[in-house]
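Chain order of the listed sequences is H and R.
Each residue of the first sequence is one higher than the last, beginning at 1 in the working numbering.
Each residue of the second sequence is one higher than the last, beginning at 1 in the working numbering.
Since the hints were made in silico from the structure, they are not lab data.
Every residue, glycine too, gets a C-beta built ideally from N, C-alpha and C.
Do not rely on the hints blindly, as some may be mistaken.
Stated by the list, open to error - Chain R regions said to be covered by chain H (calculated; three or more residues, Cβ under 8 Å): (1) 59–65; (2) 104–113; (3) 187–196.
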Amino acid sequence: MALGLNLNTSNGGKDFLPIVKFDARSGRMFRRDRVNGENEEVDITKTFKAVVDFENLEIGYINFNTGSAPDFQMMPHGSSMPEKPSPDHKQGVRFTLKLHADCGGDVREMASNARSFLQGVDNLHNDYVVGSAKNAGKLPVVVLSDTVPVVSGEGSKRTTNYSPVFEIIGWVKRPDGLGEAAQAVEKKATPPTTGGNKVVGPAKKMALDEDDFG
Amino acid sequence: MKNPFEKFEIEHLSPSSCNLFVASPAAFVMQKVLGKRSSVGAAAHRGTAVESGIAFALNSNGDVHGAIDVAKKEFDRLTSLSTDPRQDKEASSLADMVIIGYKELAGYGKPSSMQGKIEYKVDGLLVPMIGFYDFEWEQHGVLVDLKTTHALPSKISTNHARQVALYVAARGDNLDARITYVTSKKSATYELENKREHVDALGRIALTIQRFLSITDDPYELASLIAPDVDSFYFGDQQSRQQAFDIWGL
Numbered sequence: 001m002a003l004g005l006n007l008n009t010s011n012g013g014k015d016f017l018p019i020v021k022f023d024a025r026s027g028r029m030f031r032r033d034r035v036n037g038e039n040e041e042v043d044i045t046k047t048f049k050a051v052v053d054f055e056n057l058e059i060g061y062i063n064f065n066t067g068s069a070p071d072f073q074m075m076p077h078g079s080s081m082p083e084k085p086s087p088d089h090k091q092g093v094r095f096t097l098k099l100h101a102d103c104g105g106d107v108r109e110m111a112s113n114a115r116s117f118l119q120g121v122d123n124l125h126n127d128y129v130v131g132s133a134k135n136a137g138k139l140p141v142v143v144l145s146d147t148v149p150v151v152s153g154e155g156s157k158r159t160t161n162y163s164p165v166f167e168i169i170g171w172v173k174r175p176d177g178l179g180e181a182a183q184a185v186e187k188k189a190t191p192p193t194t195g196g197n198k199v200v201g202p203a204k205k206m207a208l209d210e211d212d213f214g
Numbered sequence: 001m002k003n004p005f006e007k008f009e010i011e012h013l014s015p016s017s018c019n020l021f022v023a024s025p026a027a028f029v030m031q032k033v034l035g036k037r038s039s040v041g042a043a044a045h046r047g048t049a050v051e052s053g054i055a056f057a058l059n060s061n062g063d064v065h066g067a068i069d070v071a072k073k074e075f076d077r078l079t080s081l082s083t084d085p086r087q088d089k090e091a092s093s094l095a096d097m098v099i100i101g102y103k104e105l106a107g108y109g110k111p112s113s114m115q116g117k118i119e120y121k122v123d124g125l126l127v128p129m130i131g132f133y134d135f136e137w138e139q140h141g142v143l144v145d146l147k148t149t150h151a152l153p154s155k156i157s158t159n160h161a162r163q164v165a166l167y168v169a170a171r172g173d174n175l176d177a178r179i180t181y182v183t184s185k186k187s188a189t190y191e192l193e194n195k196r197e198h199v200d201a202l203g204r205i206a207l208t209i210q211r212f213l214s215i216t217d218d219p220y221e222l223a224s225l226i227a228p229d230v231d232s233f234y235f236g237d238q239q240s241r242q243q244a245f246d247i248w249g250l
């Protein structure tokens with residue numbers, strides 16, 4: 001398994017980037033735009049074409065059901081998986097991409113912990129690993145060529161989701177903006193300082209101030 | 001979500017219980033989950049006694065002799081059944097610490113409140129965080145926690161930062177948070193930085209405890225997931241050391 005995710009046992013965004021999402025239940029790809037303070041989802045299933053930054057792919061655990069912002073516990077691909085923070089966290093991936101001008105033209109984030117989506121990304125990543133050997137320093141241009149149904153459960157619990165079938169149609173140098181996004185993604189917060197500046201009480205301070213005037 | 005604290009009769013968390021979990025998960029399990037009591041060392045009682053003395057001095061316009069007397073009586077009361085061999089050493093430092101500490105804080109005047117209880121709700125945490133701050137001067141917008149020690153630190157420790165940050169978050173973020181360290185020879189008051197980040201850190205620790213307690217209803221199964229460092233401070237007294245051996249065979 002190229003991504004190191006165990007897709008057979010369990011299901012597996014950065015906040016400051018707009019997102020692209022794949023709805024596994026409908027098999028549609030959407031670009032989420034912010035319009036007049038409201039989220040607006042634009043269907044780009046037919047036109048999806050993007051340079052995918054797999055150099056900065058992250059894997060880990062994601063909880064989208066927090067009631068507020070999703071919780072990501074991610075590590076760069078190639079590192080060990082982080083510890084699963086809670087039963088609500090599922091294995092997932094996160095990466096950035098730059099949409100082709102026909103479907104948006106900007107840098108976005110994509111993240112999911114849906115098993116059917118992860119399967120499609122895993123296949124794409126396998127292709128990426130093979131192709132990158134002959135395309136050093138370049139990133140893949142990816143289209144969504146199809147979606148395939150994935151049936152799970154039985155009886156009343158039978159559900160159908162759709163797995164994306166991605167295809168690499170070319171390789172390009174890292175486009176403008178995507179590198180900056182990757183750097184932003186990698187920007188790490190540092191531990192907060194506690195404080196080592198001495199302060200004095202008000203009366204003491206007053207006395208010191210008076211001393212200053214001689 | 002089922003409240004994992006209920007089964008262990010834990011009604012709240014505090015900065016000290018969170019710090020205990022961070023420093024020694026085994027000691028946390030022993031004390032909070034299995035309910036084993038551990039001895040409080042003479043050093044901890046020294047802190048309480050010195051604080052009582054300084055509080056007296058601040059509220060009596062500097063009656064330092066009376067303050068020392070208050071501190072000594074409080075220390076004697078707290079340690080009346082103690083077998084800690086460091087008791088005499090701690091007792092001998094009380095007077096100097098009260099004097100040094102009072103001088104450090106006298107400039108603030110009479111506190112507007114002392115030993116105030118705070119309660120703080122962490123998102124997702126199924127019990128409240130509670131605590132008690134030492135001194136607040138509303139007139140100056142300052143909250144101070146007092147720490148007695150034999151070696152003056154050059155900055156605030158992370159554990160202390162989290163503790164005082166929580167107090168201020170509960171009291172109102174417009175307060176300046178400060179920590180006064182007092183030894184028997186000198187003192188220093190440091191201003192806390194990054195209050196919000198330290199509160200957030202404490203919240204993450206509390207949620208870690210919640211997840212840990214959610215693993216099982218069996219306290220001994222929880223204990224079996226960790227092992228104590230019996231050389232640590234937390235197992236330094238004979239009672240705690242024996243309890244660790246009884247629980248873990250270590």
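Hint-by-hint comparison with the structure:
no., hint, result
1, 59–65, "violated (count 0)"
2, 104–113, "holds (count 6)"
3, 187–196, "holds (count 7)"
Hint compliance for this structure: hint 1 alone is broken.
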